[in-house]
Amino acid sequence: MAEEKIKKVSIVVSKGSLEGAYPGLIMANGARMEGIEANLFFTFFGLEAIIKKKMNKLKVATVGNPAMHMPTLVGMLPGMSAFATSMMKKEMDKIDIPPVDEFIEMIYDAGAKLYACKATVDMFHLTMDDFCEQTDSIINVGKFYEVSAGGQIIFT
Amino acid sequence: MAEEKIKKVSIVVSKGSLEGAYPGLIMANGARMEGIEANLFFTFFGLEAIIKKKMNKLKVATVGNPAMHMPTLVGMLPGMSAFATSMMKKEMDKIDIPPVDEFIEMIYDAGAKLYACKATVDMFHLTMDDFCEQTDSIINVGKFYEVSAGGQIIFT
Amino acid sequence: MAEEKIKKVSIVVSKGSLEGAYPGLIMANGARMEGIEANLFFTFFGLEAIIKKKMNKLKVATVGNPAMHMPTLVGMLPGMSAFATSMMKKEMDKIDIPPVDEFIEMIYDAGAKLYACKATVDMFHLTMDDFCEQTDSIINVGKFYEVSAGGQIIFT
Numbered sequence: 011m012a013e014e015k016i017k018k019v020s021i022v023v024s025k026g027s028l029e030g031a032y033p034g035l036i037m038a039n040g041a042r043m044e045g046i047e048a049n050l051f052f053t054f055f056g057l058e059a060i061i062k063k064k065m066n067k068l069k070v071a072t073v074g075n076p077a078m079h080m081p082t083l084v085g086m087l088p089g090m091s092a093f094a095t096s097m098m099k100k101e102m103d104k105i106d107i108p109p110v111d112e113f114i115e116m117i118y119d120a121g122a123k124l125y126a127c128k129a130t131v132d133m134f135h136l137t138m139d140d141f142c143e144q145t146d147s148i149i150n151v152g153k154f155y156e157v158s159a160g161g162q163i164i165f166t
Numbered sequence: 011m012a013e014e015k016i017k018k019v020s021i022v023v024s025k026g027s028l029e030g031a032y033p034g035l036i037m038a039n040g041a042r043m044e045g046i047e048a049n050l051f052f053t054f055f056g057l058e059a060i061i062k063k064k065m066n067k068l069k070v071a072t073v074g075n076p077a078m079h080m081p082t083l084v085g086m087l088p089g090m091s092a093f094a095t096s097m098m099k100k101e102m103d104k105i106d107i108p109p110v111d112e113f114i115e116m117i118y119d120a121g122a123k124l125y126a127c128k129a130t131v132d133m134f135h136l137t138m139d140d141f142c143e144q145t146d147s148i149i150n151v152g153k154f155y156e157v158s159a160g161g162q163i164i165f166t
Numbered sequence: 011m012a013e014e015k016i017k018k019v020s021i022v023v024s025k026g027s028l029e030g031a032y033p034g035l036i037m038a039n040g041a042r043m044e045g046i047e048a049n050l051f052f053t054f055f056g057l058e059a060i061i062k063k064k065m066n067k068l069k070v071a072t073v074g075n076p077a078m079h080m081p082t083l084v085g086m087l088p089g090m091s092a093f094a095t096s097m098m099k100k101e102m103d104k105i106d107i108p109p110v111d112e113f114i115e116m117i118y119d120a121g122a123k124l125y126a127c128k129a130t131v132d133m134f135h136l137t138m139d140d141f142c143e144q145t146d147s148i149i150n151v152g153k154f155y156e157v158s159a160g161g162q163i164i165f166t
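Residue numbers (my numbering), protein chains in the order written: chain A, 11 to 166; chain B, 11 to 166; chain C, 11 to 166.
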């Protein structure tokens, strides 16, 4: 018997750094390109990826990540995170990965659904007005499990 | 045909910062509120969330997270992590998310099962006495896959 | 009716710190020991775990992780990450968890398949020559979903 194909993915984006938010977006985009249903659920700092005023200002973390191969004393210098961010964006652009706002628009246009986590929204005192127009609604964890029925939950 | 509902979640908590441990707890709690079976498996630094002496001392990371919007030079100041932690706890309290020990108790009373990762327990020289009473047992990865049968594995 | 056992896991390794990469390797190894099919997909900084020149140089993050219980002012000192790394490696060795290169070899010999993420490979200008010999191939997200059919996706 053939193995059952992945039919749906419900991806939680929980991190607000550039390298923390992109994997979830890339996996959602990749899913839609294969005809796989895709939900994105933004929670905790990951919520910044759909906040209009912040979505294009996500930065690379230059401290706390030894794989950056940058001493903390260098990584903490003012401007260093902005520099690393600009470098990574340049490389992403070369391989056709767009900035967050365009990427969100592309993923939405491809049919993915975007949700904001109610607990985080309440904690940070946000409203629907703060989110980009592609945001479907603010839902709680229970509702998230409901929309995830029949698919895979991927927490990033 | 209706999509198959999520029936069980087995959530791995691998991080020991406040914002790293809470998402797993919130997802386990949300699962139980919907009648979904829930297992929690604490591993690596996430183990601190069930260590009696540490579970209520988890702190927010103020460096290494650009979404904190705090320069590393500020985030590293002594007391800054304690300050951010106290702020986040206050906001969480407002939306009825309790401190870790009470939250663990609530999730346990709602029927979730809590497990400690054997490899981490051995690595950090811990014993069952170090863990809160809600901890069911210390299990290895193989046993974790066994208790996860029929459900979703969510690594946080 | 008995619950359906986990038959396959497809584990994404996205982090390049020692404590970030090991959980995925441990879960893949544990899967194979139980006869569970295992795929490893290395992406973003996690790719370092299969880059020949870097795989044995992964380091513990001593800043940005409050569970290290080390003030940032101490964690950032030159040599501190190397020290914490050497300590953790010693403890891992005691519980028979080998260095990354040996662990990768062991997991591969046990039948797991290892893949590198195409987008990251392109972004970091890498080629197959950079990867350890156990690396099967460079695949994109779509192909990853394909090899994940019939199993669980676990993002670490």
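The hints are simulated quantities; they were obtained by calculation from the structure and are not laboratory data. Among the clues, some could well be false.
Selected chain B positions facing chain C (Cβ under 7 Å, derived; list incomplete) [stated by the list, open to error]:
| hint | residue |
| --- | --- |
| 1 | Ser27 |
| 2 | Lys69 |
| 3 | Ala71 |
| 4 | Pro81 |
| 5 | Ala92 |
| 6 | Met133 |
| 7 | Thr137 |
| 8 | Tyr155 |
| 9 | Ala159 |
| 10 | Gly160 |
| 11 | Phe165 |
Derived EDC-like pairs: lysine to aspartate or glutamate, alpha-carbon spacing no greater than 20 Å straight-line [stated by the list, open to error]:
| hint | chain 1 | residue 1 | chain 2 | residue 2 |
| --- | --- | --- | --- | --- |
| 12 | A | Lys15 | C | Glu14 |
| 13 | C | Lys18 | A | Asp146 |
| 14 | A | Lys15 | C | Asp106 |
| 15 | B | Lys15 | A | Asp140 |
| 16 | B | Lys15 | C | Asp140 |
| 17 | A | Lys67 | A | Glu13 |
| 18 | C | Lys18 | A | Asp140 |
| 19 | B | Lys128 | C | Asp106 |
| 20 | A | Lys15 | B | Glu13 |
What you are looking at is a predicted structure, and each value in this text was computed from that prediction instead of being measured. Glycine included, C-beta positions come from ideal geometry on N, C-alpha and C.
Hints versus structure:
Satisfaction of the interface hint for serine 27 (chain B) is found here, the shortest Cβ-Cβ separation to chain C being roughly 5 Å, below the 7 Å cut-off. With a least beta-carbon distance of about 4 Å to chain C, the hint placing lysine 69 (chain B) at the interface is held under the 7 Å criterion. About 5 Å separates the beta-carbon of alanine 71 (chain B) from the nearest beta-carbon of chain C, less than 7 Å, and the hint is met. Nearest Cβ of chain C to the Cβ of proline 81 (chain B): about 12 Å, over the 7 Å cut. The hint is violated.
Against a cut-off of 7 Å between C-beta atoms, the interface hint on alanine 92 (chain B) is violated, since the closest Cβ of chain C lies about 10 Å away. Interface restraint check: methionine 133 (chain B) against chain C, minimum CB-CB distance 5 Å, threshold 7 Å, status holds. The closest approach between the C-beta of threonine 137 (chain B) and any C-beta of chain C is roughly 15 Å, which is over the 7 Å cut-off, so the hint fails. The closest approach between the C-beta of tyrosine 155 (chain B) and any C-beta of chain C is roughly 5 Å, which is under the 7 Å cut-off, so the hint is satisfied.
Because the beta carbon of alanine 159 (chain B) sits about 4 Å from the nearest beta carbon in chain C, less than 7 Å, this interface hint is met. Among the interface hints, the one on glycine 160 (chain B) holds; its C-beta lies about 3 Å from the nearest C-beta in chain C, closer than the 7 Å criterion. The criterion of a C-beta within 7 Å of any C-beta in chain C is met by phenylalanine 165 (chain B), whose closest approach is roughly 5 Å, and the hint holds. Between lysine 15 (chain A) and glutamate 14 (chain C) the CA atoms are separated by roughly 16 Å; this keeps the pair inside 20 Å, and the hint holds.
Restraint check for lysine 18 (chain C) and aspartate 146 (chain A): the C-alpha separation of about 33 Å exceeds 20 Å, so the hint is violated. A C-alpha spacing of about 36 Å is found between lysine 15 (chain A) and aspartate 106 (chain C), which places the hinted pair above 20 Å, so the restraint is violated. With a CA separation close to 31 Å, the supplied pair lysine 15 (chain B) and aspartate 140 (chain A) exceeds the 20 Å bound. Proximity of lysine 15 (chain B) to aspartate 140 (chain C) is assessed by CA-CA distance (about 43 Å); at most 20 Å being required, the pair is judged violated.
Using a Cα cut-off of 20 Å, the hinted pair lysine 67 (chain A) and glutamate 13 (chain A) is violated, with the two alpha carbons roughly 41 Å apart. A threshold of 20 Å between alpha carbons decides the hint, and for lysine 18 (chain C) with aspartate 140 (chain A) the separation of about 40 Å lies outside it, so the pair is violated. About 13 Å separates the Cα atoms of lysine 128 (chain B) and aspartate 106 (chain C), which keeps this hinted pair within 20 Å; it holds. Of the pairs offered as hints, the one joining lysine 15 (chain A) and glutamate 13 (chain B) holds, with about 14 Å between alpha carbons and a cut-off of 20 Å not exceeded.
Consistency with the previously given hints fails for numbers 4, 5, 7, 13, 14, 15, 16, 17, 18, ordered from lowest to highest.
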